[in-house]
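Visitor: From these two lone chains plus the hints, build me the complex, please.
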Amino acid sequence: MADGEIAARVRELLAFYSGAPEATLRPDSTPQNTEGWDSLANLNLMAALESEYGLTIATRDVLKLRSLGAIAEYVQTNAVPAGRTG
Amino acid sequence: MTLVPKVDAFAPEPKQAVPPMERLFRGVRKGTHSLGLAPAISVERAVLVEAHQPPKATRALSDLAIRHAEERDLPAVAALDDRPLSLLRSRLAAGDRIYLGELDQKVVCATFFHPGPQPFDEERSILARWSLEDSSTYWSYDAMAPLEMRALGVVAKLFEVALAELFGPDQVHRVRGFIHDWNRPSLLLHHRMGFTVIGRVTAVGFPGVKWVRWESGGKARQWLLRRNSDFALPP
Numbered sequence: 001m002a003d004g005e006i007a008a009r010v011r012e013l014l015a016f017y018s019g020a021p022e023a024t025l026r027p028d029s030t031p032q033n034t035e036g037w038d039s040l041a042n043l044n045l046m047a048a049l050e051s052e053y054g055l056t057i058a059t060r061d062v063l064k065l066r067s068l069g070a071i072a073e074y075v076q077t078n079a080v081p082a083g084r085t086g
Numbered sequence: 001m002t003l004v005p006k007v008d009a010f011a012p013e014p015k016q017a018v019p020p021m022e023r024l025f026r027g028v029r030k031g032t033h034s035l036g037l038a039p040a041i042s043v044e045r046a047v048l049v050e051a052h053q054p055p056k057a058t059r060a061l062s063d064l065a066i067r068h069a070e071e072r073d074l075p076a077v078a079a080l081d082d083r084p085l086s087l088l089r090s091r092l093a094a095g096d097r098i099y100l101g102e103l104d105q106k107v108v109c110a111t112f113f114h115p116g117p118q119p120f121d122e123e124r125s126i127l128a129r130w131s132l133e134d135s136s137t138y139w140s141y142d143a144m145a146p147l148e149m150r151a152l153g154v155v156a157k158l159f160e161v162a163l164a165e166l167f168g169p170d171q172v173h174r175v176r177g178f179i180h181d182w183n184r185p186s187l188l189l190h191h192r193m194g195f196t197v198i199g200r201v202t203a204v205g206f207p208g209v210k211w212v213r214w215e216s217g218g219k220a221r222q223w224l225l226r227r228n229s230d231f232a233l234p235p
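Order-wise, the sequence lines are chains A and B.
Per the working numbering, the very first residue in the first sequence carries number 1; after that it's consecutive.
Per the working numbering, the very first residue in the second sequence carries number 1; after that it's consecutive.
Partner residues are not named here, just some residues of chain A that face chain B (Cβ under 8 Å, in silico):
no.	residue
1	P31
2	L40
3	S51
4	A58
Calculated from the structure, these hints are not laboratory results.
Backbone N, C-alpha and C fix where the C-beta goes; we use that ideal spot for every residue, glycine too.
Chain B extracted, bound-state conformation (with noise of 0.2 Å):
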C-alpha cells in the first residue's frame, strides 16, 4: 500500500484568531439559541456541498446489514435520536428514500435521501427550499446514529453503501446537501466521500421576514424574503 498525503482542502481554515464580525456573528447565534429565541429569530449559515461519483468502497463492517427502511421500520429508525415517528412517516410517504443499517437486526443507524424535481423543503423557514433539477438529482439530509456507533464508522458505512447505489443501479447524477458550518466532522466526512462545496448560504430570519445571502463562485447575492416563501437555493 502506497500511502500519499491526505488531501485536506475541504477542511475549515486552521485555527487562527476569528475576525471580529465572525465573533459577532457567532455569538448572536448562540444567543438566539440559548435564549430560547430560535426558531422565531435565527441565525444560520451552511454550506452547499454535491457529489458526482460514489466513494471508493471499503469491505469494512461487512457485518452491517444496510437496506432500504420501509414503513415498519420507522419506529426503530425514529427512536435512534428521538425523532417524530411522524416526521418520518411524512418523508417516506413524500418517496424519500431512507437507507438503515443493522447489525444482530437491531436498527443502529440510518440516513435520508429526498428524490427531485420536487424541492427538499424542510429548512424553508430558517434558510430556504433546495432546489433539485430532476429526478436523477438527490438531495442528502440527515444521518442518525447513536454516539458510540457513529465512531465506529457505521454513518460513513452506509453513506457509501447508498452512493454506490444511488450512482450506481440507481443513474443518480447529482447527491447536494448541506452541512451547518459548525459542523466540522460532517464537513470532513463529506469531503472524504467526494464531496465539493458549491456555495455558502447565510440566513438571519425574524418573525416574517428573512435576509439571505448566497456566496458562489467568488460571487456574493442577497435577498429579503417572506419566511416561508418559496425562493430556493441555488439561484
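Looking at chain A on its own, in the form it has when it is part of the complex (with noise of 0.2 Å):
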C-alpha cells in the first residue's frame, strides 16, 4: 500500500473514530487540538491499526505518537506487508 493510502486510511479511522469531520484532520491534528480525539478513540484507532496492518504497537510507543502525521509515518514504518498480517 502506498504512503499516501496509509496516510489516508489512519486520517479516515481517526475520523471514524473521533467523530471529526475528516476534512478537519490535517498531520498536525494531536488529541489536544482535535475535537473527540479522546483516550477511547485513541484506544480504538490503536486496535484498528494493528487489525488492518499487523501491527503490535506498544504502549511506550504510543506515548511517542503525538500527531495524526507521526501515527501515519509509524503506521508506514511498521507495517506488515500484505498477505503476511495474521
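Guide: Okay, here's the thing in C-alpha cells:
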C-alpha cells in the first residue's frame, strides 16, 4: 500500500473514532486540538491499526505518537506487508 | 472494515445558549468551590449510569499488564494522584476490588469497584449513598492515571479488561456508577463503553441538611434530608 494511501486510511479511521470531520484532520492534528480525539478514540484507533496492518503497537510507542502525521509515519514504517498479516 | 456513523446520543447537548437558571446553578457551584465553602455548602449534579455487558474487547495496548491490586500495591496506586493511602487501605479492607495497570512494572493507572449489597457510601454527605441490590451488582468509581497516560487510553483499556472479567467469569449482572455532569470526557467514555443513563441527581447541601432531587424516566422526586442520612439512590 502506498504511503499516501496509508495516511488517508489513518485519517479516515481517526475521523470515524473521534467523530471529527475528516476534512479538518491534518498531519499536525493532535488530541489537544481535535474535538473528540479522546482516550477511547485513541485506543480504538490503535486497535484498528493493529488489526489492519498486522502491528503490535507498544504502549511506550503510543506515548510518542502525538500527532496524526506521526501515527501515519509509524504505520508506514512498521506495517507488515499485505499477505503476511495474521 | 465498515465505517458507520458514531452514535452520540449520550453526549451532552450541543453547544447552545445556556438558560438563566442553569447559568445560576453553575455559577453557585463554582462559587462554593472557589470561595472555599465546599463541602460545608455544596451544589452538585451527577448522572447515574449502568451497564449490563462488557464493551467489545480491543487488542491495543496489550503490553499494559492489568491485575487486581494487593495491599503492597497501594502506595504506588495512591501516588497516581496523591490520594490518601489510608483511604485506599480502607477500600481494600471493605472488599472493594482495585484494578491496576502496569507498564514496565510501574503502576500507571487504577480503577475501583465496590460490590453490593452494601451501599457505596463515599458521596453520602454531598449527594447520597448509592444502593446496590446484591453481590452481583457493582459500583464503579474513580479512575486514576497521570494525564499523559490517560490520553493514550490506558484507563479505557483498564476499564475494558475489568468489565470483561466482572461480566464474564465473575458473573456480575450490573455495574453502576455516577459521573459529575461537568465531566464530559467521562460521560463520553462511559457511553462508548456501553453504559446507559438511568437518572440524574441534583443535591444542594448546607450545614446539617441537604436537598436532593432525583430525575428518571421523565419523573422527578425530591427530599430534604440530614447530611449524613441513610437515604440511598436510586430510590
